[in-house]
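**Q** All chains should be built: construct the whole structure from the sequences, respecting the hints.
Chain order of the listed sequences is H and Y. Here the working numbering is used: the first residue of the first sequence is 360, the next is one more, and so on. Here the working numbering is used: the first residue of the second sequence is 360, the next is one more, and so on.
Treat the hints with caution; some may be incorrect.
What the hints assert, rightly or not - Computed spacing ranges between beta-carbons, pair by pair:
hint, chain 1, residue 1, chain 2, residue 2, range
1, H, A567, Y, V381, 51 to 61 Å
2, Y, V381, H, Q375, 30 to 40 Å
3, H, V695, Y, L591, 58 to 68 Å
4, Y, E607, H, S603, 36 to 46 Å
None of these hints come from the bench; they were simulated from the model. The C-beta atom is built at its ideal place from N, Cα and C for all residues, glycine as well.
Number of protein chains: 2
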Amino acid sequence: MVQRKSGHVTLLDIAQACGYSVSTVSIVLSEAPLSQNVAASTRDRIRKMAQQLGYHPDAYARSLRRRRSQTIAVLAYDLSDPFCIPIVHGIQEGLQPADYLPLLVDAQTQRKLFDNYLKMILERRAEGVIVIASWIFQETNLLEDIEKNRVPIVIVGRDLTNKKVSSLLVDNDAGGALALRHLIELGHRRIAIIRGPEELFDTEPRWAGVQRAAAEAGIQIDRKLVFQLPNLMGSTSGFEGGLSFSKEMLTSRRPFTAVLAFDDLTALGVVRGLTSAGLKVPDDCSVVGFDDVLPAAVSTPGITTIRQPLKEMGLLASEWTLRAINSRDQNAERPVKLFRAPPELVVRMSTSRHIPESRRASLAKSRLTI
Amino acid sequence: MVQRKSGHVTLLDIAQACGYSVSTVSIVLSEAPLSQNVAASTRDRIRKMAQQLGYHPDAYARSLRRRRSQTIAVLAYDLSDPFCIPIVHGIQEGLQPADYLPLLVDAQTQRKLFDNYLKMILERRAEGVIVIASWIFQETNLLEDIEKNRVPIVIVGRDLTNKKVSSLLVDNDAGGALALRHLIELGHRRIAIIRGPEELFDTEPRWAGVQRAAAEAGIQIDRKLVFQLPNLMGSTSGFEGGLSFSKEMLTSRRPFTAVLAFDDLTALGVVRGLTSAGLKVPDDCSVVGFDDVLPAAVSTPGITTIRQPLKEMGLLASEWTLRAINSRDQNAERPVKLFRAPPELVVRMSTSRHIPESRRASLAKSRLTI
DNA sequence: ACGCCTTATTCAAACGTTTGAATCTCTTGA
DNA sequence: TCAAGAGATTCAAACGTTTGAATAAGGCGT
Chain H
360 MVQRKSGHVT
370 LLDIAQACGY
380 SVSTVSIVLS
390 EAPLSQNVAA
400 STRDRIRKMA
410 QQLGYHPDAY
420 ARSLRRRRSQ
430 TIAVLAYDLS
440 DPFCIPIVHG
450 IQEGLQPADY
460 LPLLVDAQTQ
470 RKLFDNYLKM
480 ILERRAEGVI
490 VIASWIFQET
500 NLLEDIEKNR
510 VPIVIVGRDL
520 TNKKVSSLLV
530 DNDAGGALAL
540 RHLIELGHRR
550 IAIIRGPEEL
560 FDTEPRWAGV
570 QRAAAEAGIQ
580 IDRKLVFQLP
590 NLMGSTSGFE
600 GGLSFSKEML
610 TSRRPFTAVL
620 AFDDLTALGV
630 VRGLTSAGLK
640 VPDDCSVVGF
650 DDVLPAAVST
660 PGITTIRQPL
670 KEMGLLASEW
680 TLRAINSRDQ
690 NAERPVKLFR
700 APPELVVRMS
710 TSRHIPESRR
720 ASLAKSRLTI
Chain Y
360 MVQRKSGHVT
370 LLDIAQACGY
380 SVSTVSIVLS
390 EAPLSQNVAA
400 STRDRIRKMA
410 QQLGYHPDAY
420 ARSLRRRRSQ
430 TIAVLAYDLS
440 DPFCIPIVHG
450 IQEGLQPADY
460 LPLLVDAQTQ
470 RKLFDNYLKM
480 ILERRAEGVI
490 VIASWIFQET
500 NLLEDIEKNR
510 VPIVIVGRDL
520 TNKKVSSLLV
530 DNDAGGALAL
540 RHLIELGHRR
550 IAIIRGPEEL
560 FDTEPRWAGV
570 QRAAAEAGIQ
580 IDRKLVFQLP
590 NLMGSTSGFE
600 GGLSFSKEML
610 TSRRPFTAVL
620 AFDDLTALGV
630 VRGLTSAGLK
640 VPDDCSVVGF
650 DDVLPAAVST
660 PGITTIRQPL
670 KEMGLLASEW
680 TLRAINSRDQ
690 NAERPVKLFR
700 APPELVVRMS
710 TSRHIPESRR
720 ASLAKSRLTI
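**A** Written out as structure tokens, the structure is:
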């Protein structure tokens with residue numbers, strides 16, 4: 360109704376409209392301790408007027424004065440990776456009750472964007488930063504600036520404790536072992552492996568877990584059946600890698616009955632490759648993925664995979680960050696923490712018991728004679 | 360190095376450190392027009408010192424003074440819907456060059472969160488708001504507050520021009536027709552349809568398009584083969600709907616050779632249902648989806664679908680918003696606009712030419728006799 | 001010796017809040 | 001009658017920037 364000269368309704372507007380000082384209005388509307396001393400009738404009038412004029416406190420002025428932004432930056436390396444979303448949800452859940460706003464930005468795996476946003480985060484005075492795994496986040500000098508300003512950082516999806524950054528990530532070693540053991544228990548012995556890109560930090564520990572499990576079971580991994588995804592990333596590069604490697608496997612003429620893929624998208628690529636070569640998953644070959652993202656659950660057959668407790672990790676990350684902010688306010692100690700999330704095997708339809716050639720032949724025969 | 364008493368480095372710190380006034384420092388660092396008059400040597404010293412101390416201007420103080428937040432809110436109804444991501448990317452792309460920060464928030468389909476974030480958006484003085492389709496966004500009184508403050512709104516994924524909100528959405532009618540025509544051209548005549556949830560605004564026009572295309576081709580749609588997804592949303596409710604409806608189709612014993620699903624997740628549910636009943640997609644039944652989200656592309660068979668130009672829509676939305684902000688600044692006219700994005704048929708492997716029973720039987724026979 | 005222009009820098013007010021201290025008006029007890 | 005206290009409200013400074021206006025110091029033409 361009242362047409363403001365410039366944009367927004369302020370405390371002054373309300374003060375003038377109902378004849379009190381700006382201070383009183385502020386005290387009432389921000390529910391400061393002093394507001395107990397304000398007459399109930401005054402409170403009512405002020406509140407009504409605020410409502411009527413559509414007043415919303417200016418976060419900028421407020422933050423400036425209070426020296427708190429009530430903001431925590433969430434820097435995702437690539438939102439189009441379904442991996443990020445559950446983490447973000449967990450973070451939101453943790454931040455909501457504390458009345459912090461997650462400042463969510465998406466670097467789209469671009470170094471330039473990453474730095475750009477990091478600068479913006481600094482300027483917006485985020486009180487904490489949660490980084491969702493990125494190999495870009497190695498040595499940018501902005502990181503120094505963040506620490507110079509004593510802004511707590513937490514990283515999800517990578518272990519950066521050696522750089523004094525609290526970290527949460529899945530136990531890749533355990534996950535790799537879990538995946539391989541599942542295949543072994545189903546009777547598979549000749550297993551092709553697709554390792555992650557060299558630059559990715561998950562790659563090594565996951566591979567180590569696989570090797571450990573193989574050794575424990577006394578199984579040889581055929582080196583000719585070990586592949587490695589290229590570094591080039593992008594939301595579908597895993598899929599394409601899986602697709603082309605599965606073709607290589609088939610043309611190599613090395614026998615294999617199962618494929619352990621680096622992640623779900625890679626697994627989906629393998630399924631596509633095997634299927635288009637006329638093989639059936641899981642009857643002719645089992646496939647297992649890693650992460651448990653949406654596409655793995657809704658494709659057919661559903662992909663057996665290793666689930667990361669992503670939402671829980673996000674939640675925990677937000678709690679750590681909030682706690683670190685508190686500690687800093689009280690100049691308390693802030694130890695660097697590490698959480699290795701336990702992975703979980705999710706069995707779907709892309710894996711099944713291995714049927715030895717001999718038995719398989721007789722089965723086929725019996726089917727024919729029905 | 361220099362340990363600030365309270366948090367961040369300010370202009371004053373720099374001014375003191377190199378013996379100039381705050382004004383001069385501000386003029387230099389913000390590259391104000393006056394900075395031409397500042398001696399080159401002075402500029403250098405100030406810039407060096409700023410760099411050295413790790414200065415980053417306080418966005419809060421700056422915005423307060425300039426009365427511009429350089430922020431545009433992006434309110435997504437559910438980020439876990441793969442639908443949202445490309446739109447967000449388009450928006451980012453459009454905002455980047457204009458140096459606006461997208462304030463991305465995720466309502467997670469929860470009314471409460473939605474209102475909460477809308478309040479925060481108001482408080483953070485976003486200069487514009489882009490809403491990514493939500494049925495929640497119907498009549499919240501916060502909407503009034505937004506308009507009271509003359510903040511431009513643009514909505515993606517729904518037509519709200521009747522409420523004077525500029526809107527971008529796919530041409531659902533054309534898309535529905537496109538999908539049906541594709542099936543018809545492949546020779547399908549008995550086609551099951553899964554409509555969207557009643558509450559969703561895409562449902563009706565898409566269905567209208569389907570009916571129109573059917574009429575044009577002189578084809579009857581069997582009412583018993585028309586289903587409707589329930590309103591209850593969530594990222595997987597489409598999948599589950601498709602799964603259970605496909606079972607209903609089969610038990611109904613009505614003949615059909617193709618399914619037109621409301622969206623990709625639903626289509627994936629259908630594929631799962633048909634497959635687990637022993638049917639082959641596309642050999643025994645074709646399936647077509649809508650949206651072209653990631654899971655549709657990476658599942659096997661890849662889902663034939665109707666692509667929405669989501670990224671382009673996001674880009675355009677951001678451009679509209681920026682333009683609207685400019686117009687407002689100049690008190691210019693701001694017409695309500697509408698963009699109906701042209702849908703595009705993406706043919707993958709889930710659809711194929713219908714083979715009539717007669718021909719099919721002889722085929723099967725010939726295969727046996729090989 | 002004066003005004004005037006140019007170049008380089010600073011003053012001071014303003015943006016909208018918050019908050020410790022101050023003020024003012026009652027009431028109450030001595 | 002007055003001091004003390006309680007209750008209700010306001011003052012004024014501060015947060016870190018920006019910016020129109022002011023100042024200061026020189027150079028130049030007259």
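**Q** If a hint holds in the structure, say so; if it doesn't, say that too.
**A** Hints and how they fare:
no.: 1; hint: H/A567 to Y/V381: 51 to 61 Å; verdict: holds (56 Å)
no.: 2; hint: Y/V381 to H/Q375: 30 to 40 Å; verdict: holds (32 Å)
no.: 3; hint: H/V695 to Y/L591: 58 to 68 Å; verdict: violated (43 Å)
no.: 4; hint: Y/E607 to H/S603: 36 to 46 Å; verdict: holds (39 Å)
The structure shown violates just one earlier hint, number 3.
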